[in-house]
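Asker: The chain contents come next:
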Amino acid sequence: MKPWSKKPVIATLGSHSALQIAKGARDEGLHNLIVTIPKSTALYARYPCVNDVLEIESYGAFPSIEKKLRATNAIIVPHGSFVAYLGLKQHKEMNVAYFGNKNVLDWEFDRRKQRKWMEEASIVVPKLFSRNEGIDRPVIIKTFGAAGGSGYMLAKNNTDLKKYIKKMAGKQYILQEYIIGVPMYVHYFYSVMDKRLEILSIDRRYESNADGIGRLPIQHQTGLLEPSYTVVGNSPLSVRESLLPELYAMGERVITASKNLISPQGLFGPFCLEMIIDERQHMYTIEISARIVAGTNLFINGSPYADLFFDVPMSTGRRIAREISVAYKRKQLHKILHLDSHEKK
Amino acid sequence: MKPWSKKPVIATLGSHSALQIAKGARDEGLHNLIVTIPKSTALYARYPCVNDVLEIESYGAFPSIEKKLRATNAIIVPHGSFVAYLGLKQHKEMNVAYFGNKNVLDWEFDRRKQRKWMEEASIVVPKLFSRNEGIDRPVIIKTFGAAGGSGYMLAKNNTDLKKYIKKMAGKQYILQEYIIGVPMYVHYFYSVMDKRLEILSIDRRYESNADGIGRLPIQHQTGLLEPSYTVVGNSPLSVRESLLPELYAMGERVITASKNLISPQGLFGPFCLEMIIDERQHMYTIEISARIVAGTNLFINGSPYADLFFDVPMSTGRRIAREISVAYKRKQLHKILHLDSHEKK
Amino acid sequence: MKPWSKKPVIATLGSHSALQIAKGARDEGLHNLIVTIPKSTALYARYPCVNDVLEIESYGAFPSIEKKLRATNAIIVPHGSFVAYLGLKQHKEMNVAYFGNKNVLDWEFDRRKQRKWMEEASIVVPKLFSRNEGIDRPVIIKTFGAAGGSGYMLAKNNTDLKKYIKKMAGKQYILQEYIIGVPMYVHYFYSVMDKRLEILSIDRRYESNADGIGRLPIQHQTGLLEPSYTVVGNSPLSVRESLLPELYAMGERVITASKNLISPQGLFGPFCLEMIIDERQHMYTIEISARIVAGTNLFINGSPYADLFFDVPMSTGRRIAREISVAYKRKQLHKILHLDSHEKK
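Protein chains in written order, with this note's numbering: chain A, 1 to 345; chain B, 1001 to 1345; chain C, 2001 to 2345.
Hint data in this document are derived by calculation from the structure and do not stem from the laboratory. Computed from a predicted structure; not experimentally measured. All C-beta atoms, glycine included, are put in the ideal place defined by N, C-alpha and C. Some hints here could point you the wrong way.
[As the list claims (entries may be wrong)] Listed next, the stretches of chain B that the computed footprint assigns to chain C, with coverage defined by at least 3 CB atoms under 8 Å from CB atoms of chain C: (1) 1058–1070; (2) 1165–1176; (3) 1203–1213; (4) 1267–1275; (5) 1287–1293.
[What the hints assert, rightly or not] Chain B is nowhere near these chain A residues, computed Cβ spacing over 10 Å in every case: (6) Arg46; (7) Lys116; (8) Glu119.
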């Protein structure tokens, strides 16, 4: 990779956490560019913190603008909508400078690989059941790929399970023990430049209708509902301080395991451990998200945890921009980019 | 209206969001004045961001101070307690400069007019049932006028419904489909000065006992509870970024419809769409609040959404003060005030 | 007590709200020191806002460092983990300058004394039942001492109650009416220097599994759960502004009662009233915490309520440091410290 002679431009798809990423770039003195489809152009044009909006007809047209993005020194900052909108293959094949390690994507997408990663990191996970063995406790049925929580189903016993499995014909899914407890999403950032792991914020998802049914008393629930887990928003949390040592240790083990399992560059930048904490304060990790998560949108104006590290409101989006800015100034961008094939030639 | 020669003073009733409004005024360099009754005087006197407290014996005594308010160049900033404490008639007849369009008040208060407004704006709403037709799904029974959520009742079927309707004798109410999903309150601000619609923050209400009963397992709920929806507080939310384009479009349609239906000045300043989002991410709007809502009190020190527009912590109260301050400097206060009859003469 | 010739150092145990206390000290220009055990040393060393970490082998070794703490002009800022880790006796016998009035500790720990305190302050509390009288409504069974909510049990009737009481053999506990409503934790600060009571923030606890079971519909709850109340985190709230006058009055009555019942210095600095608000907006106080509570960790980067008093983000931890700093500059530290026996000699 040749040294970057010009200041990089932060580019992302217009969705998910694009506003946060754009504002973060601006706050760190970097130009930003949002690539989006017609129905969202007006949204991003509305915000003064967005420098440029590049409209494409559909997400499938993304390859047609890659040359343009390279010409503007763009660095792509990925988020949860990349796989959802571009597909895993197109996401990986994007031929533009990319913040992060694309080799992680397969390990994030495939639930079996992700589980291997967590086991390598000695992360406590819920028990998995195979399709044929039957279950002895409630399970969640989860399909592969980021789907914003929709399509999850709760089966209390084998009778439930059989009914649901019929609906899943042809889909890839796992059967995961349902842990009785409360959900918590811990937002990490590993800085390659500072060699430091940071917990920047914590949220819980706001799910429809799972977070609404508790407001109905049982006499109104009867026969009314199967819960659904469609994520429509997020709400902020803090965690008991005595759990922080283990949360940091878990984050560090996940990074170390990624270097062993995936590629030497490993996981860096933003990631999230999604967990259930039970009544004994045991933490069961449900999922690793190896990129910025939407829950960080709560903290565009700062978070209690980020404030322990930084004297300005430091969102995850801004943290990414700062990492890129520091790397650019030190002429070390190669340490935090997945080099695209074009540049490698 | 004669041009304002002196800087306006922001005045409001001591309740609801008065502290936020007062601090917002101070932060924008405007003097503030809180009009309140004896039991609340000590509260407002306690806060250094409140400039003046004017005590009246009861809210009914409000007309007796109008002359004084006019003499101090006061502009009234209304909130949810105005109708509750002054009544709709007295609120409308206040003879002091008023931020907002009073013609909107009737359309906010009368649920049938409000519904017409939402339909004109192509806002998706829950189905309404007439008293006599019977119901085929759960409904919420709601009385007219802002009541902080108390008095709402949930009827699952026609048997429930008959029981409740007996209690409602002589009251005006509607029967509204109960949407299974999660509530979300989106806080908008339409700036006449900047010709710009802004989403400033989002909350959900914290209701007693609806938000407590989910913490009881069913074996303890049996026979214990009918849910109640008394708003005692609020908690912050963020929304999925992919829903923002439609949320902005909804806000803009509500403004356009208000100009067609209500009066050419239309709706401006702060307003709130109160919605339920179901598992398919469909947004059903339950109510328009055509003024600052109490959920904005969560964001006196800034919000993730306001931060996308502003470089200082911008509460809705401060946004109002900024709009007034800009209009004053441009000699365009007439564009954002409902002119009282005294001034018009 | 001899006048402090050197700037005090803020010292606390590494747990609970230590990061907030340390950052607060730094932001107010005071040096900080965290005393912790080996498993938490790495956590506190990680944060640039922590000046010094002093490792001890176990909390039992605390007396061995008292001389050192005195030599560095340390002032201990206590939090909820002091009694949990040191025990009430050791906590009280610490021979180092101490922010707060240690005489309050017995009244906080002993639920019967605490109740007497609340009654003296005319605070509305849930009904208590004696062991032998039987119950006529749901009750919570609570053991003595801060335990983070774990071990609480809900008994709906006398049959439930008998079953649970068997498990409690040898423990001290109370039987408290279960109020149907929503919880709210109000964070107060009484400044001796400013002679002012401040509400700084409000939270609700995030409890496992009580805050998870509402996400399960009844068909999945059957036979599955007894609720537990282990506090694993916190989430932010605002309260209806019309409740603030009574909340301030309650706080002031608690302080006045403490001067009458406990010692002339009374309660000062941070404290929390933990309450349930029912559907009529009646506030039932469950507990007084006479020190900083963990819910304040949500507000390290400011709170809507603190912002009404202060122009910088004012956490409770920072508020404590400011009180100490002001007292030091005025040579009035004796007014806010419980003098240890060493100094008194």
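Asker: It remains to establish, for every hint, whether it holds in the given structure.
Answerer: Structure-based check of all given hints:
A stretch counts as covered by a chain when three or more of its residues have a beta carbon under 8 Å from one of that chain; for the region 1058–1070 of chain B and chain C the count is 0, and the coverage is violated. With 0 residues having a beta carbon nearer than 8 Å to a beta carbon of chain C, the region 1165–1176 of chain B misses the requirement of three or more and the stated coverage is violated. Here's how the region 1203–1213 of chain B fares: 7 of its residues keep a CB closer than 8 Å to some CB of chain C, so the rule of at least three is met and the hint holds. Given as covered by chain C, the region 1267–1275 of chain B fails the check, having 0 residues with a CB less than 8 Å from a CB of that chain where 3 are the minimum.
Only residues whose C-beta sits within less than 8 Å of a C-beta in chain C count toward coverage, and the region 1287–1293 of chain B has 0 of them, not enough to reach three; the restraint is violated. For A:Arg46, the requirement that its beta carbon stay farther than 10 Å from each beta carbon of chain B is not met, with the minimum near 7 Å. With a least CB separation of 30 Å from chain B, A:Lys116 remains clear of the 10 Å interface cut-off, as annotated. No Cβ of chain B approaches the Cβ of A:Glu119 within 10 Å, the least distance being about 31 Å, so the stated non-interface status holds.
When the structure is compared with the earlier hints, violations turn up for hints 1, 2, 4, 5 and 6 and for no others.
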